[in-house]
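Trainee: The lines below spell out each chain.
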Amino acid sequence: MSQSGKLMPNLDQQSTKVLNLTVLQRIDPFVEEILMTAAHVTFYEFNIELNQWSRKDVEGSLFVVKRNTQPRFQFIVMNRRNTDNLVEDLLGDFEYEVQVPYLLYRNAAQEVNGIWFYNAHDCEAAANLFGRILNAYSKVPQKPKASTKSEFEELEAVPTSAVVEGPLEPPPTSSAAAAVPDVSDDSFVNFFSGFGSRLGATMEDLVAEKHVKYILSVEKKKDDFESLVLEHLRMNGAYWGLTTLDLLHKLGAVDPDEVVSWMMECYHQDCGGFGGNIGHDPHLLYTLSAVQVLALFDRLDVLDIEKVSDYVAGLQNGDGSFSGDIWGETDTRFSYCAICCLSILHRLDKIDVEKAVNYIVSCKNLDGGFGSIPGGESHAGQIFCCVGALAITGSLHHVDRDLLGWWLCERQCKDGGLNGRPEKLTDVCYSWWVLSSLIMIDRVHWIDKDKLTRFILNCQDRENGGISDRPDNAVDVFHTYFGVAGLSLMEYPGLKSLDPAYALPVDVVNRIFFGKQRAPSLLAS
Amino acid sequence: MHGRPRIALKPEDAATSAAKAAKLRDLQAQLLLHHHHRIYTSEALAVSSKLLEMNPEIYTAWNYRKLALQHNLNEVTDPEIVKSTVEDELRVVEMALRRNPKSYGAWYHRKWVLSRGLAPVDFEREFRLLDQLLKADARNFHGWTYRRFVAKLKNVSEEEEIKFTMDMINTNFSNYSAWHNRSVLLSQLLKQKAQGFDSKDGILTEEYEFVHQALFTDPSDQSGWFYHLWLLDQTASPDELFLISSWPVPGSDLVLSTNEKMDGYKLFPTSNFSLCYFFHKQTFPIILYFNQAVKGVSSSTVTINSMFGANENLIWKPLSTTTSREAHCWVTYLNIPDVNSSSLQACSVEISLGHSEGIVSSNGSCYKYPLQFKYTIKLNNNNLEQFDGESIQELFVWNYEDVCCPAEIPYINSFDQLKISEDSVAKGLKDKKWCLETLSNEINLFKELSEENCKFVNLTLARLLVAHDAMMSHGALLVRKSTHSEEVLKLYEELIKLDPTHKRYYEDERSLVLMSQVTLDEEFLMKHTWHFNKLTSSSFHNHACLQLSGLSLSRISFAERLLWVQMLDLSHNNLRSIAGLEALQLLVCLNLSNNQVSSFTALEPLKLLDSLRVLDVSFNEIGAHPIDTTRFLCLSPLSHTLDVKLSVDQYQNGDIKFGDHWEAILLFKDLRLTQLDVRGNAVANERFGILLTEMLPTLNWLNGEHVRL
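In order, the protein sequence lines correspond to chains U and G.
Under this note's numbering, the first residue of the first sequence is numbered 1, with each subsequent residue one higher.
Under this note's numbering, the first residue of the second sequence is numbered 1, with each subsequent residue one higher.
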């Protein structure tokens, strides 16, 4: 056999094969021969409704086998993640495409899957083998659905060894449609277009389940020192944790009523603002987080929207800036909080937007970035706040996008991670601040997404879940959110997409601006 | 948790941690109790200070102390008590900063206390504190912000603070915070033309020398390079405001014919080249293009004398995809009346601007060069026959087999329009003498260094060369040919190899140079200009077509050189953005196929092209990316730049959900396309095709197929 599959160590090729065959025959007694083995593959599936890829719960060794009955050729994946092995028929309605190290295919059930091969040679070898099998058999005219039997009879007649060991080039006239889908077949091509770029070279995987577990555990842990230190900003923590869960499609794991009722205990009825936790003073930082979390749960109806928006609007100063609370600290972070919050509540008309924008513009620096107050040094976090506020108010023309874009893309360092200011250390949290800013000004292609993806994935705690600031450091909810958010912004498969300005999932933002909440005003007009 | 290793706690550490936690929990509970019951005794205050020493981030505790101070000093007049109360607060802040020198709450508390003006500020102490903190971390931006606050409070002169930045930089060149503060202070002084800072040239020359020391010490450190870029910008960015291009070309003779069967007019220059222009709604554009984005173009700042209506009725529109009233390019439309009676009636159109103030650029400079030019339009209703029956009914295919390339391009004299600014430019060039010399010096300096393969050296050199060329091209026409574009292209090639992480940045920069190169003058443009005069499809007979396909362009620039283009082929490039095309008001056909456009929102500039009829965006990436990078760069409800209530009503029916397709709906509802191709995009499917057909009542061809009879 010319196919050189991945071999297990300490066993010669032949005995490994015999061993594998024995194992496979226990699952499927009709397996006659292993044509090829790939030691490690991971599966992705394409959701046609959502138009996105996500991880499938299949991972392990892949075997292409010949059987002594129909269906004649299959591939089997011995799944390490659970007991369901994956089996696909190679003949019949099977189409595939190669984007090394991925092999993408559509099966008879019209499911679209992607196989990632640990070893790129395995990917090529598998594609090669599939091509020869399909080429040989696809000469058979398309089956009429009723008479499948006769088709199988015909297949029997084709000598299999000639197929497997035959010439590498397919005959030019053969219906290579299977290997190279006709461009007019939009659906098929489109599923696969951009797949490679979206997955990039993500050798490391996102341990999504573990992160979910970690976040849920943090939610419950309240008594150790680390949790206590953060207790006053638990509202921010709720936003970070819950948004992460939503990005991972697991918001359902928490009880919205429980969260909402706790949140309302942090609400100050007298003024309309939210505190960071029960008993703490109201502040814009936590009012925004509260509004965002309610938007996540589609529960903005629990708010006295006029009261909350009056509180936010009341913090605008004469120069257009915003104070964080009644004590008057001014910072462009608070401009963002106020503008984002009022926009979500559809109450932006309660403030002087022009003045607010002019104040932010007055914090613009000669390097194109923004500081916390006029003259303050540019910092990626502040830049996100200012660019975000300008985006929401339709004022991005005040940004020199090339100048700022270059400053921001130079935040990417040799390790692939991003820092927040020149000559500082990289940190996962800037994945959010730098990336979202770059996206809003349409310059995110100026960084190397694959390198950054790898950096974030390397900061995961693969055992216990959670993401840290840098590889091998202690994890926390803050960095877990910023890491997952960064991956979402880089179109990592399986994650919900995040809106770069509102810092909420795109579907939530679309619901706010195009959803049913606006229906009453539509009917009125 | 910043910078803490991921290790499990040892049992003894866990015990310490638990003890600490218990103490923290206790203090926190007490603080909240005191806060809620307004207990401001010295014992209660001691609890809050202990708590803040342990965790300076508890903002409620700082609030509590502010309330306590207000409460305890209410009606107190004894300066000693006031002084000691203030002293207590300053001490708590210092303890907190020892725990966390970046605590927002602590820094603000100090500012708040000092701003009360309760007791005289001991400035020595404040500067000592700052010295300590900036010594521990010279990049602590809280420290720098606080320093600016204290300096202002004490009325320290900017010159003195500039000296401080110099000291900090001399201690360590790699101090971006100091460079930043220096740029802030210097630009303030230059703006005020303060004593000793009235000669910008002199100051900048000194700054170049200063920053060179840093750059040569460690060329891989970013800090100095950003400062150098700022100096370059100060040197090379235009102060003067010019008109750099216009359409129609000054001095041209145009013949305008009408055809009842068309929804528009045709227009021919009187040369033998018979160029057709196609406008709808019986209008005729006048386009002005400035070297900077300007506001204030109106019938009072620009006067148009013609028989086509009174000047004061003309409405000037900025060609901008934002809601700002600023743009490089402005357009107004003359109303052309029906031409039934006489033939060949010559009408002169005279444009003058600069006679009154009001056109102002974003950096505040005013347009101040009086300028007058004219052209003639002849109305003609005779030679209609050869164009009979034309309307864009037939499928247009971009096919260059039947075209001929004219030996001479009549519209090329559009470049002579640069002459309109020649006098002013000559004057401007004299002022630019220092700038050009400085750029040349810098170029020579970095050329010597460029052997060392440092990316910042190469990038700076490329930027210097581009700036130098730009400054020269705003000058005389003679030197336009001797540009450095080949050298710059080579530098970007090297940068792509040297720093692959930022490859796409260099590609975008390179694209600007490529655009500049192919549009530089008629000789270059000739290679890309075609004339579809043997087309089977007569609709586009004699349209001026520019073919810029397959050039690796990733973005558009130098649109001012392309105002005359009616058909533009940009296929097979790497375009992600088409920003800039909004200036091409004559554009009828646009081919963007086989590029990297990834969303409909990226096509926003098309909304400003009234003449556009044929659009090919096939084989792009529309719909393939869940993250839309132009979502906030178009007019939409998300940025409060567009109210969609009406559109939602109109399109929210049956299968179509407005929220799912708002990007496409908001784009196409304003276009008057007759042909559209969206094949090869992830978004294109049958249902989407139905939506497009519904949205575009003028559409005849979709994806190469007839959609209506």
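Keep in mind that the hints are not guaranteed to be accurate.
[To be verified] Under 7 Å between C-beta atoms, here's a sample of chain U residues computed to sit facing chain G: (1) E329; (2) G376; (3) H445; (4) W446; (5) D450; (6) L489.
Hints are computed from structural coordinates only; laboratory data are not their basis.
Cβ coordinates follow ideal geometry from the N, Cα and C atoms, glycine included.
Trainee: Now tell me, hint by hint, if it's right for this structure.
Mentor: Going through the hints against the structure:
Interface restraint check for U/E329: the shortest CB-CB distance to chain G comes to about 4 Å, inside 7 Å, so the restraint holds. A cut of 7 Å between beta carbons decides the hint on U/G376: the least distance to chain G is about 5 Å, and the hint holds. A least Cβ separation of about 5 Å between U/H445 and chain G falls short of the 7 Å threshold, and the interface hint therefore holds. Because the closest C-beta pair between U/W446 and chain G is about 4 Å apart, less than 7 Å, the hint holds.
Look at U/D450: its Cβ only gets to about 10 Å from chain G, farther than 7 Å, so that hint breaks. With a cut of 7 Å, the hint placing U/L489 at the interface with chain G holds, because the nearest CB-to-CB distance is about 6 Å.
Of the numbered hints listed earlier, the single one contradicted by the structure is hint 5.
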